[in-house]
Amino acid sequence: GAGVSQSPSNKVTEKGKDVELRCDPISGHTALYWYRQRLGQGLEFLIYFQGNSAPDKSGLPSDRFSAERTGESVSTLTIQRTQQEDSAVYLCASRGTGWIQDTQYFGPGTRLTVL
Amino acid sequence: QQPVQSPQAVILREGEDAVINCSSSKALYSVHWYRQKHGEAPVFLMILLKGGEQKGHEKISASFNEKKQQSSLYLTASQLSYSGTYFCGTENYGGATNKLIFGTGTLLAVQP
Numbered sequence: 036g037a038g039v040s041q042s043p044s045n046k047v048t049e050k051g052k053d054v055e056l057r058c059d060p061i062s063g064h065t066a067l068y069w070y071r072q073r074l075g076q077g078l079e080f081l082i083y084f085q086g087n088s089a090p091d092k093s094g095l096p097s098d099r100f101s102a103e104r105t106g107e108s109v110s111t112l113t114i115q116r117t118q119q120e121d122s123a124v125y126l127c128a129s130r131g132t133g134w135i136q137d138t139q140y141f142g143p144g145t146r147l148t149v150l
Numbered sequence: 006q007q008p009v010q011s012p013q014a015v016i017l018r019e020g021e022d023a024v025i026n027c028s029s030s031k032a033l034y035s036v037h038w039y040r041q042k043h044g045e046a047p048v049f050l051m052i053l054l055k056g057g058e059q060k061g062h063e064k065i066s067a068s069f070n071e072k073k074q075q076s077s078l079y080l081t082a083s084q085l086s087y088s089g090t091y092f093c094g095t096e097n098y099g100g101a102t103n104k105l106i107f108g109t110g111t112l113l114a115v116q117p
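Taken in order, these protein sequences are the chains called A and B. According to the numbering used here, the first sequence is numbered sequentially starting from 36. According to the numbering used here, the second sequence is numbered sequentially starting from 6.
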């Protein structure tokens, strides 16, 4: 079926505004992950969902960041009162059975620029 | 906790071989390798499991040394299409969240 999709692909916002990023996982994938990738840097884990619960939120950098997921479907990552250091590509990944033998499949990402 | 990759960058000519290493300070259950081209999402290459099982595709192989807590990715007879940044993602024992912690990345440039 279709891969992981994310929207918007690009978002430019002004400092202090709120933004909402969306992720549509591969159909049937129970696990969903959000990562942040700053320019030229590695992949920084933000949050993990199993179904619609989030057992691991350890990577969220501050209380300005939050995420939710509806069932085993769409997830949204919300950043409130954006700061310039929030500028990055936000990647979403989903995973099939959740068994350790499976891997994560990434979406194309949302490039966020905070002016 | 973040795995360390080496080298940080490597430049090859087409047809040459390369090895990329990924080392963790924690006991590993599995290692996942990805390649990311500029401006694109990471693409899955290979997964290595405890016990040495390899699952992947393309003409790329890898090893997993549980004792040394490290994995190596072998790229033989490199092609221009191999260029990109390679990341390892590690899963630790007791990883109930099945979360991957990604390494620092290795930039590979293959030249004609």
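If you're looking for bench data, these hints aren't it; they were derived computationally from the structure. Careful: at least some of the hints might be erroneous.
What the hints assert, rightly or not - Cβ-Cβ distance ranges computed for the label pairs, FRET-style:
1. I16(B) <-> N45(A): 27 to 33 Å
2. K55(B) <-> T113(A): 23 to 29 Å
3. Q13(B) <-> E49(A): 33 to 39 Å
4. D98(A) <-> Q116(B): 44 to 50 Å
5. P96(A) <-> K31(B): 40 to 46 Å
6. T48(A) <-> P12(B): 33 to 39 Å
7. P90(A) <-> Q7(B): 17 to 23 Å
8. A32(B) <-> R73(A): 27 to 33 Å
9. Q119(A) <-> A32(B): 23 to 29 Å
10. G51(A) <-> G20(B): 51 to 57 Å
Note that beta-carbon positions come from the ideal geometry of N, C-alpha and C, so glycine has one too.
Now the hints, each set against the structure:
{"no.": "1", "hint": "I16(B) <-> N45(A): 27 to 33 Å", "in the structure": "holds, 31 Å"}
{"no.": "2", "hint": "K55(B) <-> T113(A): 23 to 29 Å", "in the structure": "violated, 37 Å"}
{"no.": "3", "hint": "Q13(B) <-> E49(A): 33 to 39 Å", "in the structure": "holds, 35 Å"}
{"no.": "4", "hint": "D98(A) <-> Q116(B): 44 to 50 Å", "in the structure": "holds, 47 Å"}
{"no.": "5", "hint": "P96(A) <-> K31(B): 40 to 46 Å", "in the structure": "violated, 22 Å"}
{"no.": "6", "hint": "T48(A) <-> P12(B): 33 to 39 Å", "in the structure": "holds, 37 Å"}
{"no.": "7", "hint": "P90(A) <-> Q7(B): 17 to 23 Å", "in the structure": "holds, 21 Å"}
{"no.": "8", "hint": "A32(B) <-> R73(A): 27 to 33 Å", "in the structure": "holds, 29 Å"}
{"no.": "9", "hint": "Q119(A) <-> A32(B): 23 to 29 Å", "in the structure": "violated, 39 Å"}
{"no.": "10", "hint": "G51(A) <-> G20(B): 51 to 57 Å", "in the structure": "holds, 53 Å"}
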